[in-house]
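Protein chains in written order, with the numbering used here: chain Y, 42 to 150; chain H, 9 to 177.
The hints are simulated quantities; they were obtained by calculation from the structure and are not laboratory data.
For every residue, glycine included, the Cβ atom is placed at its ideal position computed from N, Cα and C.
Accuracy of the hints is not assured; some may be wrong.
Here are some of the chain H residues that sit facing chain Y, going by a computed Cβ distance under 7 Å [stated by the list, open to error]: (1) Gly21; (2) Ala22; (3) Thr25; (4) Phe112; (5) Val113; (6) Glu114; (7) Pro116.
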Amino acid sequence: TVHTSLDVVDEKISAMGKALVDQRELYLGLLYPTEDYKVYGYVTNSKVKFVMVVDSSNTALRDNEIRSMFRKLHNSYTDIMCNPFYNPGDRIHSRAFDTMVNSMMMQVC
Amino acid sequence: PPPNSELFTLTYGALVTQLCKDYENDDDVNKQLDKMGYNIGVRLIEDFLARSNVGRCHDFRETADVIAKIAFKMYLGITPSITNWSPGGDEFSLILENNPLVDFVELPDNHSTLIYSNLLCGVLRGALEMVQMAVDVKFVQDTLKGDSVTEIRMKFIRRIEDNLPAGEE
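Required output: the full structure, derived from the provided sequences and hints.
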């Protein structure tokens, strides 16, 4: 699911074309729904892509909550990049990041 | 305007991680950081004395105050608190609630014995040596290792009588 959605992200980015230049972050919204999942995308001006997969049965989750979750992820990601021991591209092994993700998940589940 | 603190933190981080790549074990990195700190300290003291205009300290308690309230404030923008004086007045602790060197840093599991901020110990040791004080400085608590605060223990060893020229390690 995640891999397919990355293709959709790329499609959306190329489709939006000029609009990209004006916006610094791109909340891509719902990428596509499947039977079991809803997939949301977010791209930064540094071309880092965040993909969020949400169970379809979760109808309570609102658009602005998802935007704020992406913003939190983006901020935590920036902090991780500042860890001198982190090599860009590595799998993320950060206590701070895990704590933030867990608390975010607790809020929405 | 003062330079950005993130650049400072990232620069220090780059230094430590490069040392980790160059030396194969944490212990050697710790020693190098101490050495580098020492070389900074023996030079920084001149700048410090010129800028702060403090006079000679009469005892180790005064030294502690000057280090915590003037030196740390001047160079790192923080004011550690002074605690845990030994009965003889020759040992005390500096408690740092936050340490700008370690912003955003998380120690990976394979570097659990790394004393990330060890440069600071060398700086203090080198600086005090230039004012005729031989001290021992070490970290006893570290937020990077899960402790709630960072604690540096400083111990006065002896007065240095000979006026040798600036040391180098």
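Checked hints:
Contact between Gly21(H) and chain Y, as hinted, is supported at the beta carbon level, the nearest pair being about 3 Å apart and thus within 7 Å. A hinted interface residue such as Ala22(H) counts as satisfied when its beta carbon comes closer than 7 Å to some beta carbon of chain Y; here the least separation is about 6 Å, so the hint holds. For Thr25(H), the interface hint holds, the least distance from its beta-carbon to any beta-carbon of chain Y being 5 Å, beneath 7 Å. Here the hint on Phe112(H) is kept, as its CB sits about 4 Å from the closest CB of chain Y, short of 7 Å.
Checking Val113(H) against chain Y by beta carbon gives a least distance of about 6 Å; that is within 7 Å, so the hint holds. Interface hint at Glu114(H): satisfied, since its Cβ lies 5 Å from the closest Cβ of chain Y, which is below the 7 Å cut-off. Using the Cβ-Cβ criterion of 7 Å, the hint placing Pro116(H) at the interface with chain Y is satisfied: the shortest such distance is roughly 5 Å.
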